[in-house]
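Residues per chain, in single letters:
2 protein chains.
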Amino acid sequence: MKIGFQPIGLIHTPFTELENMPIQPAGGAGVKGTVDVFEEYRAGLKDLDGFSHIILLYHFHHSRGFRPHVVPFMDSQPRGVFATRAPRRPNPIGLSVVRLNRIEDGVLHIENVDILDHTPLIDIKPYVPEFDTHSDVRTGWLELAKETVSQRKSDDRFKQDRE
Amino acid sequence: MKIGFQPIGLIHTPFTELENMPIQPAGGAGVKGTVDVFEEYRAGLKDLDGFSHIILLYHFHHSRGFRPHVVPFMDSQPRGVFATRAPRRPNPIGLSVVRLNRIEDGVLHIENVDILDHTPLIDIKPYVPEFDTHSDVRTGWLELAKETVSQRKSDDRFKQDRE
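Going down the list, the protein sequences come from chains A and B. Start counting the first sequence at 1; every next residue gets the next number (the numbering used here). Start counting the second sequence at 1001; every next residue gets the next number (the numbering used here).
Careful: at least some of the hints might be erroneous.
[As the list claims (entries may be wrong)] Part of the chain B face toward chain A, derived, beta carbon under 8 Å:
#	residue
1	M1001
2	I1003
3	L1142
[What the hints assert, rightly or not] Computed cross-link-like contacts, SDA-like style, restricted to lysine to any residue with a CA-CA straight-line distance of at most 20 Å:
#	chain 1	residue 1	chain 2	residue 2
4	B	K1002	B	R1088
5	B	K1046	A	H69
6	B	K1046	A	K2
7	A	K2	B	L1010
Just so you know, these hints were derived from the structure itself, not from any lab. Using N, Cα and C, we set each Cβ at its ideal position, and we do this for glycine too.
Chain A with its partners taken away, still in its complex shape (with noise of 0.2 Å):
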């Protein structure tokens, strides 16, 4: 059984190469792209303006195929897939949490951005603490690794891979 999705949107960014971009916002703070909303979802932004930060889903589209283990970038060892956040996954979905500055036109002025130019959009949800956060948090094999998640840059490791 297959699922279909519609590209809603482009995301435009600074990043046009893989290759040295923040691998998370957290990495990519104070960075501007904007999200094009096209024309036939634009009434669904209603009320979006209210919200400081959203939610993007978008398509990791220059992913292909994937491995159930990964190097990832944070790390030097090989991890489930699922315990990651990298781009080769069964089903290449990416999340990011963003600000909101405005929206002009149906055009998201968004902060913070960590994903590559061109990137289509799948779906804007509101980020929500009291739905989104949680405390008492264990963060596996990140705990060491994530302090030095805002230096870090992406590189080539899941460009060239097709399978």
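Chain A is already provided as a structure; the job is to place chain B on it using the hints.
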């Protein structure tokens, strides 16, 4: 352009009807469920048990079509669909952060569940506060409504609509 995704597992919960479900994990506090990851994807679960919370992306498989404005469960006024977490979206993908209690034989035992039984799983990502948690947040129309979310239940408003 259509993007094709494949279910990678099934989510099992006590909620067999769309009515009277909690409408967010906050309302599903203590409710337990399981995620049965299909065999070909199980190797990807390595290292996931180090994480106390995980992000589930899933298919709102009962949702058909969408309208740009919806009256959310937590409100009495129509809101832009992207300013809500309602299931009838252009691409009907749900997102919940749940607690991961343990993994046994490819089955994830989860808690704080607000998901319908038999929901197709699309992706699992580790929940990492450094990536996913934000402060100084405004939440628009939800400011007033969200305090009551743990008491609210779903009804059938998203059930019968087929366009």
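Verification of the supplied hints:
no.: 1; hint: M1001; result: holds (6 Å)
no.: 2; hint: I1003; result: holds (5 Å)
no.: 3; hint: L1142; result: holds (6 Å)
no.: 4; hint: B/K1002 x B/R1088; result: holds (18 Å)
no.: 5; hint: B/K1046 x A/H69; result: holds (8 Å)
no.: 6; hint: B/K1046 x A/K2; result: violated (25 Å)
no.: 7; hint: A/K2 x B/L1010; result: holds (14 Å)
The earlier numbered hint that this structure contradicts is number 6, and it is the only one.
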